[in-house]
Each structure stands twice: as C-alpha cells, then as structure tokens.
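Peer 1: Which chain is which? The protein sequence lines are A and B, in order. Quick note on numbering: numbering that gives the first Met the number 0 labels position 136 of the first sequence as 135, and the sequence is numbered without any gaps. Quick note on numbering: numbering that gives the first Met the number 0 labels position 451 of the second sequence as 450, and the sequence is numbered without any gaps.
All the pointers check out, no bait thrown in.
The list treats identical chains as one, so a pair stands whether inside a single copy or across any two.
Under the rule of at most 25 Å between Cα atoms (straight-line distance), these lysine-lysine pairs were calculated in the DSS-like manner:
| id | residue 1 | residue 2 |
| --- | --- | --- |
| 1 | K312 | K206 |
| 2 | K350 | K283 |
| 3 | K342 | K312 |
| 4 | K283 | K206 |
| 5 | K263 | K277 |
| 6 | K377 | K452 |
These aren't lab readings, by the way, just hints derived from the structure by calculation.
Number of protein chains: 2
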Amino acid sequence: MKEVIEYLEKYKDQHMEDLKSFLHIPSVSTDSNHKEDVKKAAEFVGDYLTNAGFETVEVQETKGHPLVYAEWMNAGEDAPTVLFYGHYDVQPPDPLDQWKSDPFQAEVRDGRIYARGASDDKGQVFMHLVVLKAFLQSTGSLPINVKVCVEGEEEIGSANLYDILHEQKEKFQADFAVISDSGMVAKDQPTILYGLKGFTGLEFTLKGPDNDLHSGLYGGAVKNPAMAMAQLLATMKNEEEVVQVAHFYDNVEPLSTEERALIKDAPSEDYQETTGVKETVSEKGYTAKEHTMARPTLEVNGLFSGYQGEGTKTIIPSTATAKLTCRLVPGQDPQEIQDLLVKHLEQHVPKGVELTIKREPLSAKAYKVDPDHPLITKAAESLTDTFEKEAVYVRMGGSIPVVEWIDSIYQIPVVLLGFGTPDDRLHSPNESFPIAHFDKGMKTIVHYWEKVKNLKQ
Amino acid sequence: MKEVIEYLEKYKDQHMEDLKSFLHIPSVSTDSNHKEDVKKAAEFVGDYLTNAGFETVEVQETKGHPLVYAEWMNAGEDAPTVLFYGHYDVQPPDPLDQWKSDPFQAEVRDGRIYARGASDDKGQVFMHLVVLKAFLQSTGSLPINVKVCVEGEEEIGSANLYDILHEQKEKFQADFAVISDSGMVAKDQPTILYGLKGFTGLEFTLKGPDNDLHSGLYGGAVKNPAMAMAQLLATMKNEEEVVQVAHFYDNVEPLSTEERALIKDAPSEDYQETTGVKETVSEKGYTAKEHTMARPTLEVNGLFSGYQGEGTKTIIPSTATAKLTCRLVPGQDPQEIQDLLVKHLEQHVPKGVELTIKREPLSAKAYKVDPDHPLITKAAESLTDTFEKEAVYVRMGGSIPVVEWIDSIYQIPVVLLGFGTPDDRLHSPNESFPIAHFDKGMKTIVHYWEKVKNLKQ
Numbered sequence: 000m001k002e003v004i005e006y007l008e009k010y011k012d013q014h015m016e017d018l019k020s021f022l023h024i025p026s027v028s029t030d031s032n033h034k035e036d037v038k039k040a041a042e043f044v045g046d047y048l049t050n051a052g053f054e055t056v057e058v059q060e061t062k063g064h065p066l067v068y069a070e071w072m073n074a075g076e077d078a079p080t081v082l083f084y085g086h087y088d089v090q091p092p093d094p095l096d097q098w099k100s101d102p103f104q105a106e107v108r109d110g111r112i113y114a115r116g117a118s119d120d121k122g123q124v125f126m127h128l129v130v131l132k133a134f135l136q137s138t139g140s141l142p143i144n145v146k147v148c149v150e151g152e153e154e155i156g157s158a159n160l161y162d163i164l165h166e167q168k169e170k171f172q173a174d175f176a177v178i179s180d181s182g183m184v185a186k187d188q189p190t191i192l193y194g195l196k197g198f199t200g201l202e203f204t205l206k207g208p209d210n211d212l213h214s215g216l217y218g219g220a221v222k223n224p225a226m227a228m229a230q231l232l233a234t235m236k237n238e239e240e241v242v243q244v245a246h247f248y249d250n251v252e253p254l255s256t257e258e259r260a261l262i263k264d265a266p267s268e269d270y271q272e273t274t275g276v277k278e279t280v281s282e283k284g285y286t287a288k289e290h291t292m293a294r295p296t297l298e299v300n301g302l303f304s305g306y307q308g309e310g311t312k313t314i315i316p317s318t319a320t321a322k323l324t325c326r327l328v329p330g331q332d333p334q335e336i337q338d339l340l341v342k343h344l345e346q347h348v349p350k351g352v353e354l355t356i357k358r359e360p361l362s363a364k365a366y367k368v369d370p371d372h373p374l375i376t377k378a379a380e381s382l383t384d385t386f387e388k389e390a391v392y393v394r395m396g397g398s399i400p401v402v403e404w405i406d407s408i409y410q411i412p413v414v415l416l417g418f419g420t421p422d423d424r425l426h427s428p429n430e431s432f433p434i435a436h437f438d439k440g441m442k443t444i445v446h447y448w449e450k451v452k453n454l455k456q
Numbered sequence: 000m001k002e003v004i005e006y007l008e009k010y011k012d013q014h015m016e017d018l019k020s021f022l023h024i025p026s027v028s029t030d031s032n033h034k035e036d037v038k039k040a041a042e043f044v045g046d047y048l049t050n051a052g053f054e055t056v057e058v059q060e061t062k063g064h065p066l067v068y069a070e071w072m073n074a075g076e077d078a079p080t081v082l083f084y085g086h087y088d089v090q091p092p093d094p095l096d097q098w099k100s101d102p103f104q105a106e107v108r109d110g111r112i113y114a115r116g117a118s119d120d121k122g123q124v125f126m127h128l129v130v131l132k133a134f135l136q137s138t139g140s141l142p143i144n145v146k147v148c149v150e151g152e153e154e155i156g157s158a159n160l161y162d163i164l165h166e167q168k169e170k171f172q173a174d175f176a177v178i179s180d181s182g183m184v185a186k187d188q189p190t191i192l193y194g195l196k197g198f199t200g201l202e203f204t205l206k207g208p209d210n211d212l213h214s215g216l217y218g219g220a221v222k223n224p225a226m227a228m229a230q231l232l233a234t235m236k237n238e239e240e241v242v243q244v245a246h247f248y249d250n251v252e253p254l255s256t257e258e259r260a261l262i263k264d265a266p267s268e269d270y271q272e273t274t275g276v277k278e279t280v281s282e283k284g285y286t287a288k289e290h291t292m293a294r295p296t297l298e299v300n301g302l303f304s305g306y307q308g309e310g311t312k313t314i315i316p317s318t319a320t321a322k323l324t325c326r327l328v329p330g331q332d333p334q335e336i337q338d339l340l341v342k343h344l345e346q347h348v349p350k351g352v353e354l355t356i357k358r359e360p361l362s363a364k365a366y367k368v369d370p371d372h373p374l375i376t377k378a379a380e381s382l383t384d385t386f387e388k389e390a391v392y393v394r395m396g397g398s399i400p401v402v403e404w405i406d407s408i409y410q411i412p413v414v415l416l417g418f419g420t421p422d423d424r425l426h427s428p429n430e431s432f433p434i435a436h437f438d439k440g441m442k443t444i445v446h447y448w449e450k451v452k453n454l455k456q
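Can you build the whole structure from these sequences, using the hints too?
Peer 2: Set out below in structure tokens:
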C-alpha cells in the first residue's frame with residue numbers, strides 16, 4: 000500500500016493536470032449542442048482506464064449518452080468484487096455571468112478547484128480513476144476485483160441506466176457497490192451516509208372557468224381555483240407539519256432508540272444560519288434533524304395560478320396548479336404513496352373545480368444499510384484514519400435513484416463514500432471542490448480497497 | 000325632438016365615417032409610444048364639440064394625457080345641468096395575431112363594428128357627441144345644460160382625474176352625471192345599472208428560506224412557504240364561500256326583500272354556459288346572482304411560488320406570493336376592509352415564514368342609486384321606448400372608480416346608461432359594438448335629454 004500512496008504523492012501535479020483536462024470538457028448532458036462533448040468525456044474516462052491498465056474497457060452506446068464500463072477481475076475468487084458507479088456528465092453552467100472563472104477552465108483559488116463538475120461528479124469519479132491507476136501502475140494489481148460503471152445521463156434522470164443495469168445484470172453483478180457522488184456534513188468531517196430517502200411526486204391542476212374571468216362580474220358565482228387550491232393543499236398537512244393523507248405513515252419503520260441517538264449525535268448544519276429562516280419547524284414528536292433525515296415529508300415545490308405581474312389584475316384565474324413531491328423512508332412504497340396522494344386529492348377536491356393529475360413517472364424507494372455492516376465500518380475506519388477525525392453516521396433526506404436500483408436489482412450493499420462539502424455549490428455557479436479532500440479522498444479509497452479485500456461474503 | 004331624430008337619420012353614414020376616424024386613432028394610454036396618438040384623440044373630441052356648436056372647449060393638459068372639458072350652458076337656470084363623463088383612451092390591442100381585422104382600421108361585419116375602443120369607450124362616447132351635435136345643428140340648442148368631461152387615462156387607472164374633479168369642483172359641478180361605459184345584460188335588453196361594487200386589495204408574500212432549498216436536505220426542518228400560503232389562504236374563506244376575515248360583513252347593508260326580488264327578476268347569463276364551469280357556487284344563504292351582484296366577495300387573483308416549468312424540481316420555494324382583491328357593497332369602507340385583511344393575515348401567518356404586505360393603493364367605495372329616483376325611471380323609460388322592451392334593473396359586481404368619485408365629490412346621482420353587450424369582448428381581441436345599439440342608443444339619449452329637462456331639483 001505504501002507504494003500506492005507514494006505514487007499518488009509523486010504524480011500529484013500530473014493528476015491535477017489530468018483532472019483539469021477532464022473538467023475542461025463541457026459534458027452538459029441536457030444540452031444537445033454538447034452531445035459531442037459528452038461523448039468526449041466518456042472517451043476520456045475510457046482512455047484513462049485503458050492507460051491505467053484495465054484490459055476490458057467499453058464505451059457502450061445507449062439511446063442517449065454513452066456509458067463507460069470497465070473491469071479488472073484479476074484479484075482472484077476470494078477477493079470481493081466492487082461495482083463502482085459514478086457519472087461524467089454535468090449540469091449546465093448557467094447563469095454564466097455569476098461565475099468568477101470560466102466553468103470549463105478549472106481554476107484553483109484558496110485551496111479549491113473551481114469548475115462545473117469539480118464536485119458533482121467528475122472530481123469524485125476522477126479520484127477513483129487515479130486510485131485504480133496508482134494501484135495498477137505501482138503494484139501491478141488491485142486488492143479487489145473492480146467493475147466500473149460511469150454514466151453520462153445522471154443529470155437528466157439516468158434515463159437509460161435502469162434498463163442497462165437490468166439487461167446486463169450478469170456483467171455488472173458485484174458483491175457491493177461504491178458511489179462517491181455525495182458529501183460530508185462539513186469540510187474535514189468524514190461522514191458515513193447510511194440512508195437515503197425515497198421519492199414520489201405528482202402535479203395537479205384545478206380548473207374552474209374556461210378563461211380568466213372578471214372578478215367583479217363573476218366573483219361569487221364561480222369557485223376560484225386559486226382559493227380551491229389553497230383549501231385543498233391545506234388538507235394535506237396540518238400546522239404541526241404532520242401529513243394528513245390517510246395511511247401515509249402506515250408502513251413507516253419506526254425510529255429506534257439507537258437510531259435517534261445516532262441522529263442526535265450526527266453533526267448538522269445550523270438550519271437557521273444556512274437557510275436564513277427565522278425559526279425552524281418540525282413534525283410533531285420529532286426534532287428537525289430527525290424529520291429531515293429519517294421521517295417522510297411532503298413538499299409543495301411549485302404553485303401557480305392567475306396573474307403574476309406587477310400590481311393588480313382583478314381576475315378569477317381559470318386554473319391553479321401545484322407540484323408536490325414526497326421524500327420517503329424505509330417501509331414506504333413510492334407507488335402506494337402516490338396512489339394515496341391521488342386518492343386524497345380526489346376525495347378532497349372542493350366543489351366547483353375539476354381536478355386533473357399528472358403522476359411523476361420517476362420514483363425511488365428509500366435506501367438504508369445497516370450501519371454496523373463490516374463494509375460500512377471499514378469505510379468509516381478508512382475515513383477516520385485518513386482525515387484523522389472520527390467518522391459520523393448520517394441519513395439524508397435526498398434520493399439517489401441509482402442506489403435504489405442497485406439495491407433492488409443486485410441486492411448488494413451500497414457504500415456511499417462522499418467527499419464533497421456543503422460549500423461545493425453543486426448545480427450552482429462557482430461549483431468547487433477542496434483540493435485537500437481530493438488528496439485525502441484518494442488515500443481513503445486506497446485504504447478502503449485494502450481493508451475490504453478479505454470481506455468476500 | 001323630431002328634427003333631431005331626422006338629423007341623426009339623414010347624416011347616419013357621415014356619423015359612421017366620423018366614428019371610424021375616431022377609432023382609427025390608436026389612443027393606447029398605457030404605451031408611451033402612443034402619447035401623440037392619445038393627444039390626437041383628445042383633439043378629435045375637442046374639435047368635434049367645437050364643430051357641433053360648443054363655445055367652451057378645453058383640451059386640458061394634465062400630468063399624463065389630456066382631458067377634454069366642454070360646456071354648453073344656454074338651456075337656462077330652470078333646466079338641469081348634466082356632467083357627461085367618458086374616456087377616449089383604449090386598452091392595448093395585444094395579442095395582435097388574434098384580431099380578424101386591424102384593431103385600428105374599424106371594419107363592419109355582421110352588424111357589428113370591430114375595432115379597439117368600439118365599445119369601451121370611444122364608441123359610446125361618440126354617441127353622445129353625435130347627439131349633442133344633432134341637437135345643436137338641427138334645433139340650435141340643447142334641452143339641458145351640458146358639461147362634458149372626456150379623459151384619456153381611464154385604462155391606466157384615471158391617475159389624474161380625481162385631483163382634477165376635486166380642484167375644478169365648481170367648473171365640473173352639475174345636477175347629475177351620465178356615464179355610458181358599461182353594458183346591457185343582453186343585446187336589445189335595455190338595462191339600468193343602479194349599483195356597483197367597491198374595491199380594495201393587497202398582495203402579500205410569505206418568505207421562508209433565503210433561497211430555494213433542496214427538498215431532501217431541508218424538507219422537514221424549514222416551513223414550506225407554498226404550503227404556508229395554502230394554509231393561510233384557507234383561513235380566509237370557508238367551503239361555503241363565506242369570508243372568514245373577522246368583521247368583514249359587519250357593515251354590509253342587508254339585502255331587502257324588494258331588492259332580492261329585483262335581483263331575482265333581473266335576467267342574467269347562464270354562468271355555467273358562459274364560463275365553462277361544471278357547477279356554480281355561492282355564499283351560503285344567497286343565490287349566485289345575489290352573491291355576484293350584491294354581496295361582497297374576496298378573490299385570489301394570482302398565486303405563485305417555486306418551480307413552474309415542466310416536470311419536477313424538488314425544491315422548497317423561498318417565497319410564495321398571493322394577490323387578493325375584494326369587491327365591496329354599500330356600507331363597507333375599502334380602507335377598513337383592507338385593514339381587516341391585513342390584521343387577519345398578521346394574526347394567521349403560520350410559524351416559520353415571514354409576512355410582508357403590499358397594500359393596493361387604489362380603492363373604491365360601492366355605489367348605489369335609488370332605483371326609484373326620477374332620473375333613473377326616466378332613463379328606464381327612454382330605453383324602453385327606444386328598444387321597445389321593458390328595461391331591467393341590475394346591480395353589478397364590477398367597480399367604476401369615477402362613479403364613486405363623482406358621488407363623493409359632487410354628491411349627485413350618477414346615471415349609468417350603458418349600451419354595450421356581453422359579446423363586445425372588451426380588453427380582448429376583436430372588440431366590437433353592435434351598429435343597432437349605436438343607432439338606438441343615440442335615440443335613447445335624445446329622448447332622455449328631453450325627458451329630464453324639467454327635473455331640476
């Protein structure tokens with residue numbers, strides 16, 4: 000292992016240059032003008048792995064952007080096989096005028112590298128590529144068998160990934176998966192993310208009159224869709240932040256005493272300070288931390304009706320629309336919850352308006368891994384050793400669909416080894432990643448591969 | 000009177016040509032590019048009155064667009080003086096591509112004249128101008144004293160009119176006022192509009208976090224402003240359409256049995272057919288017609304928060320905004336009602352969001368004239384004679400601020416002699432006015448001046 004760490008040290012500058020070349024490719028998956036750039040980024044990943052010493056490297060065409068698959072299976076049957084997942088595509092850089100440096104000309108300032116994708120997820124994918132290369136170049140082998148899956152459609156919903164994982168199940172099958180597409184709760188605070196929330200949603204519209212109406216001539220005879228919307232939404236959650244949709248909580252796994260203690264100990268940001276709210280809220284009976292990390296939520300993401308310009312326009316709007324999403328916890332089935340939402344809306348729609356519902360087709364089950372699983376404790380040890388600080392355990396309110404897909408298709412543990420920080424500004428102007436996390440992260444991965452090599456189940 | 004009617008018949012074609020010239024001037028008051036056109040329309044009115052035989056004609060400059068004042072006071076002290084009010088400015092014609100003919104090249108099709116302003120209000124103003132000219136040219140005099148006030152800022156809130164009416168009180172003082180800027184309940188159904196609603200409003204915003212937040216990371220700890228908005232709005236009106244703002248109904252003049260009978264008899268459109276709603280609603284204890292015509296209302300005119308694009312964006316919005324207006328009835332003071340709304344919002348704002356309120360500066364008191372007032376019964380007779388159909392009495396949910404201003408400044412009855420029809424498409428593409436109403440309307444006005452000449456109070 001010593002020689003791998005030495006290799007990382009020795010070629011540090013070269014790795015930084017290579018990372019910059021990777022970040023220079025504007026692999027914006029949502030923008031068809033960048034289709035060739037996205038392909039270039041896929042080829043970069045493929046070429047890097049070939050140069051690292053991988054013999055099997057495929058840049059697989061999909062219905063959308065390519066997926067890079069590679070494998071190195073020479074660690075022997077006794078060593079476990081890891082499926083490493085990441086994505087090389089990035090969010091659009093807009094609004095461009097808010098960037099202090101070119102989003103696709105990586106620039107180092109104050110110990111951070113600034114570029115679109117620096118943290119999400121090119122930077123973190125690249126750490127794994129370098130580690131694989133360092134092992135192969137310095138020792139000629141890897142401690143475990145490795146399958147690499149780096150896609151180019153994560154930022155557009157991983158439209159083709161599920162089918163690929165399903166159809167090429169044998170090829171991608173592994174003993175566990177590792178993903179580095181998340182973050183730590185704070186810089187230099189190693190974090191084990193052992194749970195994610197699931198997700199479901201829908202959009203619904205209340206239609207009143209065919210057109211906006213004069214509020215003087217028709218106000219009083221026609222139900223106002225905006226008011227109907229308010230009345231309907233207000234039936235869904237009470238003022239104690241408890242969701243009022245029947246059976247919503249029925250299958251929620253209760254929080255154990257141990258887990259509440261774990262959540263209590265988990266460091267977390269000061270919600271007031273980070274968000275600017277004057278006071279926080281929470282579901283009755285739970286702390287705000289418990290609610291965000293481990294209790295299901297229902298949020299209105301968008302709401303619109305009638306006149307939005309300056310001043311007054313005295314109309315009764317024709318329609319009102321709301322967008323809702325729920326974050327789910329283990330035990331809740333996204334489809335069932337969506338059905339419950341639909342049923343609730345249908346049963347509570349006020350008189351005088353017509354309801355139409357658009358179900359969000361994407362959904363995800365919640366994911367949770369046993370925090371005492373050896374693959375998790377070894378990850379925690381690797382982090383603690385490298386960052387010289389005890390790793391903390393957290394659950395997160397976010398959803399990563401691929402985690403649930405890997406869980407459901409392969410039924411293997413997923414280790415979320417995220418090196419980002421809360422200051423990385425993902426999806427925003429001036430995305431960045433701390434150089435120190437790049438170095439320590441690679442060392443963590445080296446340690447981790449060494450530690451898990453005997454964990455074949 | 001016979002010679003006046005004959006004059007109207009004889010010069011019918013000329014009047015139609017003159018009307019078209021008036022409609023050709025794009026006097027769009029809200030668009031500064033049309034400033035000169037607006038002025039031209041004012042000069043058209045002034046010149047027309049001069050040519051008609053008015054000796055005092057002023058095109059008064061204001062802080063905005065000119066106001067035309069003219070008077071003919073030779074009917075003697077025993078004859079009453081009428082203040083005729085109208086406006087020569089028009090709404091913008093957008094969206095232009097929806098017009099079947101040029102909005103400023105009046106075109107006659109199927110018995111209607113199509114042009115922006117054909118009904119609102121150039122067409123109706125022009126009827127009065129022609130009648131005044133017809134009297135003066137055919138008989139050399141008018142049966143009553145006439146003061147004319149035609150402004151150019153009605154479509155932008157009559158920004159300068161109140162001050163002018165106030166400052167030049169002596170000049171504009173009259174025994175009663177006549178306005179033709181409204182409509183009949185149906186084509187060929189003469190209508191006496193004896194009441195209008197008042198008006199007040201406000202806009203308010205609920206602020207949660209400083210920026211839109213990730214609904215997974217913060218959902219549960221931060222109050223969702225869109226949900227808070229729904230909960231707050233839902234406290235303002237119950238499902239029986241009764242406003243829940245404390246003291247809202249305190250000073251509402253109760254509906255008398257006579258008035259409920261009058262409303263019951265008033266023809267009205269089929270709300271379902273006109274608006275496309277599947278079922279109508281109404282305030283508990285009142286019919287939809289009573290509610291729209293004679294009971295106060297509270298309407299949400301606009302509502303917006305968070306993401307409005309396609310698909311899903313899993314955010315907690317930073318803010319939610321609603322625009323509210325109330326239509327008021329006699330007894331309710333707009334300022335007091337606005338205060339009650341503010342108080343209600345302040346008292347019911349959910350925990351976790353901050354409320355800011357923008358009060359709508361414009362307001363109007365409701366207006367009602369005694370339907371048995373001789374000035375009203377004479378108007379009804381004139382209409383009934385000309386249209387050969389009994390005039391009906393209605394109150395309307397709309398507000399016309401100038402009516403309240405004339406009422407409060409001069410304390411004189413205002414006769415609303417509207418000749419529009421429900422199909423005129425005011426403020427919309429393809430505005431039009433029936434030619435038959437133009438002819439019958441002018442005859443009605445001739446009769447009316449004759450009938451009221453002995454009504455000096």
